[in-house]
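The chain contents come next:
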Amino acid sequence: MHSRHADWEALSLRWVFGALAAVAIVFLVAPSLIVILTSFTSSYSLKFPPEGLSLRWYAALADAHQMQRAAWNSLLVAFWTTLISVVLGTGGAIAIARSRAVWARACDLLFMSPLLLPALAFGFAALVYIHLLGFQPSIPFLVLGHVIVCAPFVLRTSIAALSQLDPALLDASYSLGANWWTTFRRITLPLIGRGVGAGAFLAFMASFDNVPVSLFLADARTEVLPIHLWQQIETNLDVRTAAVSGLIVIATLVLMVVAEKFAGLTRQMR
Amino acid sequence: MKFRESQLALPLAALFVAFFVAPLAVLIGLSLSGEPELEALSLQQYVKFFTDRFNYSILWSTILLGVKATLVCLAFGYPIAWICARSSPRWQSVIVFLVILPILTSVVVRTFSWIVILGRHGVLNKTVLWLGLADEPLDLLFTEFGVVMVLAQVQLPLMVLPILTVLSRTDPNLADASKALGAGEWRTLWRITVPLSLPGVIAGCILTYAACVTAFVTQTLIGGARLIYMPLHIYQQAVGANNWPFAATISVIFMVAVLLVVWVLNRLARVSRGFTHA
Chain A
1 MHSRHADWEA LSLRWVFGAL AAVAIVFLVA PSLIVILTSF TSSYSLKFPP EGLSLRWYAA
61 LADAHQMQRA AWNSLLVAFW TTLISVVLGT GGAIAIARSR AVWARACDLL FMSPLLLPAL
121 AFGFAALVYI HLLGFQPSIP FLVLGHVIVC APFVLRTSIA ALSQLDPALL DASYSLGANW
181 WTTFRRITLP LIGRGVGAGA FLAFMASFDN VPVSLFLADA RTEVLPIHLW QQIETNLDVR
241 TAAVSGLIVI ATLVLMVVAE KFAGLTRQMR
Chain B
1 MKFRESQLAL PLAALFVAFF VAPLAVLIGL SLSGEPELEA LSLQQYVKFF TDRFNYSILW
61 STILLGVKAT LVCLAFGYPI AWICARSSPR WQSVIVFLVI LPILTSVVVR TFSWIVILGR
121 HGVLNKTVLW LGLADEPLDL LFTEFGVVMV LAQVQLPLMV LPILTVLSRT DPNLADASKA
181 LGAGEWRTLW RITVPLSLPG VIAGCILTYA ACVTAFVTQT LIGGARLIYM PLHIYQQAVG
241 ANNWPFAATI SVIFMVAVLL VVWVLNRLAR VSRGFTHA
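These protein sequence lines are chains A and B, in that order.
Counting from 1, one number per residue, gives the positions in the first sequence under the working numbering.
Counting from 1, one number per residue, gives the positions in the second sequence under the working numbering.
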C-alpha cells in the first residue's frame with residue numbers, strides 16, 4: 001500500500017517535470033529550426049512551412065552589399081573585442097581568482113556589473129562621454145564599448161577554470177626554478193586554456209550579437225549586422241533577412257560544435 | 001624575482017575606470033543638469049519624470065514585464081535543470097547544448113523567428129485555427145503576452161544554468177535520506193531539493209530579470225511601437241527627441257530600479273544560503 005503510493009508519487013513527479021522540460025526544450029529549439037527552414041523558401045513571403053524549397057535567397061545575399069559591409073564590420077569588431085577581452089580578462093582573472101582581499105572582491109563586482117546593468121543605459125552613457133571628450137563614434141570606441149560588456153564572459157570562465165587549478169602545481173614549478181612567465185606558459189595556461197577558450201567564444205558571440213551598445217556607438221558608416229537586421233525587420237520584412245538569419249544559425253551551430261570539441265563548452269557553462 | 005600577480009588586474013581595471021565608471025559618472029552628472037543651461041545642478045529632470053504618469057507607467061510596466069518573464073522562465077527552467085541533473089553525463093551534455101544553443105544564437109535572429117511563428121498567418125495561429133480553438137487568427141505580435149513568451153524563450157538558458165550548477169553539486173544522499181525516512185517524492189522536492197537549490201534559483205532569477213528588462217531588440221520587434229518599455233523610452237529620448245539630459249535621467253532611474261531588484265534578490269540569496277548550512 002505504502003509502496004504503491006510512493007510509486008505513484010515518483011511517477012507523477014517524473015511525468016510533470018518531464019512534460020514541462022520537454023515543452024521547454026521544444027520551445028528553446030523550435031525557433032532556430034523554423035528560421036533555417038524558412039530561409040530555404042522559394043517564395044516572396046515568410047511562410048512556415050515554406051511553399052517550395054530553393055537557395056535563391058542565399059544567392060540574393062551576394063548582391064546585398066550593405067548587409068555584407070555590416071557583416072564585415074561586425075566580424076571586425078567581434079575579432080578585436082575578443083582579442084582585447086581575452087588578454088585583459090585572463091590577466092584580471094589571474095589577479096583576482098585566488099585573492100580573498102577586499103580589493104579583489106571589489107574588482108570582481110566591478111568587472112561583473114556590466115552583465116547586470118542595462119547595457120542600453122551604458123551605451124548611451126558611452127556616447128555622452130565620447131562627445132564630452134570631443135570625439136565622434138568610431139570603430140575603436142565601438143570595440144572598447146563591446147569589451148566592457150564582453151570581458152565579463154572571459155573573466156567568469158577563466159576564474160572558474162583557475163579555481164579548479166591545484167596551487168601545488170604552481171608551487172612545484174616555482175620550487176623547480178621556473179620563473180613566473182615559464183610557469184604561466186607551461187602550467188597555468190595549458191590547464192586553464194579550455195576555460196579561457198570557452199570565454200573567448202562567448203565574448204565573440206556576445207559582441208557579434210550586441211545591439212544595445214552598438215545602437216549608440218555605431219553610425220551609418222560603421223553599421224553592424226544586428227543593427228542592420230533590426231532595422232530591416234522593423235521596416236520591411238525581406239526574405240533576404242531570413243537567409244542571413246539562417247546563415248547565422250548554421251554558423252552558430254558549427255561554431256558551437258567546434259567549441260564543444262576543443263573547449264568543452266557545455267562543461268564550461270555549468 | 002616574482003612580480004605580484006595582482007598587478008595583472010590593472011589593465012582591465014584601468015579600462016573599466018576610463019570607459020565604464022567615467023561614462024556612468026558623466027551620465028549621472030548630465031541627469032542632474034537643469035534645462036536650458038545644462039549647468040546648474042538641479043533635480044528638474046527627475047521631477048519631470050516622476051510628475052508625468054506616462055513616464056512612471058513605463059517604468060512600472062518594464063519591471064512587471066521582467067517579473068512575468070522571469071516567472072515563466074522559472075516554471076520551465078527548473079524542470080529542465082532537475083531532469084538534466086539526474087541524467088547521465090552524455091545526456092547532460094546534450095541537454096546543456098540544446099539549452100545554450102538559443103543564447104548563443106543572435107537575439108535579432110531569434111526574435112525574427114518568433115515573428116514568423118506569432119504572426120497572423122504564423123505557425124501558431126495556423127495550428128490554433130486547425131485545431132478549431134479560435135475562429136480567427138489571434139493577435140500575438142505586438143501584445144504583452146507575446147513579449148513575455150519570446151523573452152522567456154530568449155532568456156531561459158540564463159535560468160537553467162545556475163540552477164543546474166547548484167543541483168548537480170547537491171548531495172543526492174540528502175534526497176535519498178528524505179525518501180528513506182518516508183517522505184514522498186513531492187515532499188522531498190519541496191522540503192529538500194528546492195530549498196537546497198535556492199541560491200541557484202535566485203542567481204537565475206537575477207540574471208533572467210536583468211536580461212529581460214533590458215532586452216531592447218525583443219521588446220521593440222515583438223512589442224511594436226505601441227508597447228513602450230524603458231530601453232525604447234531611453235532610445236527615443238536620446239536619438240529621436242535628442243533630449244540628452246532627460247534620456248540620462250531615464251537611464252539613471254532605470255539602472256537604479258534594476259539594481260534595487262537585484263539587491264533585494266541578493267539579500268534573499270544570502271538568507272537562503274544561511275539555511276543550507278544550518
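Quick caveat, the hints were computed from the structure, so don't treat them as lab data.
Computed from a predicted structure; not experimentally measured.
Possibly wrong hints are sitting among the right ones.
Calculated lysine to any residue pairs in the SDA-like style (CA-CA distance at most 20 Å, straight line) [as the list claims (entries may be wrong)]:
{"hint": "1", "chain 1": "B", "residue 1": "K68", "chain 2": "B", "residue 2": "N266"}
{"hint": "2", "chain 1": "B", "residue 1": "K126", "chain 2": "A", "residue 2": "S12"}
{"hint": "3", "chain 1": "B", "residue 1": "K126", "chain 2": "A", "residue 2": "V23"}
{"hint": "4", "chain 1": "A", "residue 1": "K47", "chain 2": "B", "residue 2": "L15"}
{"hint": "5", "chain 1": "A", "residue 1": "K47", "chain 2": "B", "residue 2": "W190"}
{"hint": "6", "chain 1": "B", "residue 1": "K126", "chain 2": "A", "residue 2": "V26"}
{"hint": "7", "chain 1": "B", "residue 1": "K179", "chain 2": "A", "residue 2": "R14"}
{"hint": "8", "chain 1": "B", "residue 1": "K179", "chain 2": "B", "residue 2": "S33"}
{"hint": "9", "chain 1": "B", "residue 1": "K179", "chain 2": "A", "residue 2": "P190"}
{"hint": "10", "chain 1": "B", "residue 1": "K68", "chain 2": "A", "residue 2": "S43"}
{"hint": "11", "chain 1": "A", "residue 1": "K261", "chain 2": "B", "residue 2": "D139"}
{"hint": "12", "chain 1": "B", "residue 1": "K68", "chain 2": "A", "residue 2": "F27"}
{"hint": "13", "chain 1": "B", "residue 1": "K126", "chain 2": "A", "residue 2": "W180"}
{"hint": "14", "chain 1": "A", "residue 1": "K47", "chain 2": "B", "residue 2": "L131"}
{"hint": "15", "chain 1": "B", "residue 1": "K126", "chain 2": "B", "residue 2": "L138"}
{"hint": "16", "chain 1": "A", "residue 1": "K261", "chain 2": "A", "residue 2": "L170"}
{"hint": "17", "chain 1": "B", "residue 1": "K68", "chain 2": "B", "residue 2": "R191"}
{"hint": "18", "chain 1": "B", "residue 1": "K68", "chain 2": "B", "residue 2": "A257"}
{"hint": "19", "chain 1": "B", "residue 1": "K68", "chain 2": "B", "residue 2": "I192"}
{"hint": "20", "chain 1": "B", "residue 1": "K126", "chain 2": "A", "residue 2": "P49"}
{"hint": "21", "chain 1": "B", "residue 1": "K68", "chain 2": "B", "residue 2": "D52"}
{"hint": "22", "chain 1": "B", "residue 1": "K179", "chain 2": "B", "residue 2": "R191"}
{"hint": "23", "chain 1": "A", "residue 1": "K261", "chain 2": "B", "residue 2": "P89"}
{"hint": "24", "chain 1": "B", "residue 1": "K179", "chain 2": "A", "residue 2": "S43"}
{"hint": "25", "chain 1": "B", "residue 1": "K179", "chain 2": "B", "residue 2": "I192"}
{"hint": "26", "chain 1": "B", "residue 1": "K68", "chain 2": "B", "residue 2": "E144"}
{"hint": "27", "chain 1": "B", "residue 1": "K179", "chain 2": "A", "residue 2": "L20"}
{"hint": "28", "chain 1": "A", "residue 1": "K47", "chain 2": "A", "residue 2": "D238"}
{"hint": "29", "chain 1": "A", "residue 1": "K261", "chain 2": "B", "residue 2": "K126"}
{"hint": "30", "chain 1": "B", "residue 1": "K126", "chain 2": "A", "residue 2": "S175"}
{"hint": "31", "chain 1": "B", "residue 1": "K68", "chain 2": "A", "residue 2": "K261"}
{"hint": "32", "chain 1": "B", "residue 1": "K179", "chain 2": "A", "residue 2": "A30"}
{"hint": "33", "chain 1": "A", "residue 1": "K47", "chain 2": "B", "residue 2": "K126"}
{"hint": "34", "chain 1": "A", "residue 1": "K261", "chain 2": "B", "residue 2": "I192"}
{"hint": "35", "chain 1": "B", "residue 1": "K179", "chain 2": "B", "residue 2": "W190"}
{"hint": "36", "chain 1": "B", "residue 1": "K126", "chain 2": "A", "residue 2": "L20"}
{"hint": "37", "chain 1": "B", "residue 1": "K126", "chain 2": "A", "residue 2": "E51"}
Exercise. Is K126/B within 20 Å of S12/A, Cα to Cα?
Worked result: 32 Å, violated
Problem set entry | Holds or violated: K179/B to R14/A, with C-alpha atoms at most 20 Å apart | Cα-Cα ~15 Å, so holds.
Exercise. Does K68/B pair with A257/B here, judged by a C-alpha cut-off of 20 Å?
Worked result: Distance of about 16 Å is within 20 Å: holds.
For this session: Given the hint that K47/A pairs with L15/B, test it: the Cα-Cα distance must not exceed 20 Å.
Result: Violated, at roughly 47 Å.
Exercise. Taking only the CA atoms, is the gap from K179/B to S33/B under or equal to 20 Å?
Worked result: Not satisfied, since the Cα-Cα distance of roughly 63 Å exceeds 20 Å.
Exercise. Is K179/B close enough to I192/B, meaning Cα to Cα at most 20 Å?
Worked result: 10 Å, holds
Exercise. Holds or violated: K68/B with K261/A, Cα cutoff 20 Å?
Worked result: 37 Å, violated
Exercise. Holds or violated: are the alpha carbons of K261/A and D139/B at most 20 Å from each other?
Worked result: 43 Å, violated
Exercise. Holds or violated: are the alpha carbons of K47/A and K126/B at most 20 Å from each other?
Worked result: 11 Å, holds
Exercise. Are the Cα positions of K179/B and L20/A separated by 20 Å at most?
Worked result: 23 Å, violated
Problem set entry | Agreement of K261/A and L170/A with the hint, judged by alpha carbon distance not exceeding 20 Å | 27 Å, violated
Problem set entry | Agreement of K68/B and S43/A with the hint, judged by alpha carbon distance not exceeding 20 Å | The hint is violated at about 37 Å.
Hint violations for this structure: numbers 2, 4, 5, 8, 9, 10, 11, 13, 16, 17, 19, 21, 24, 27, 29, 30, 31, 32, 34 and 36, all remaining hints satisfied.
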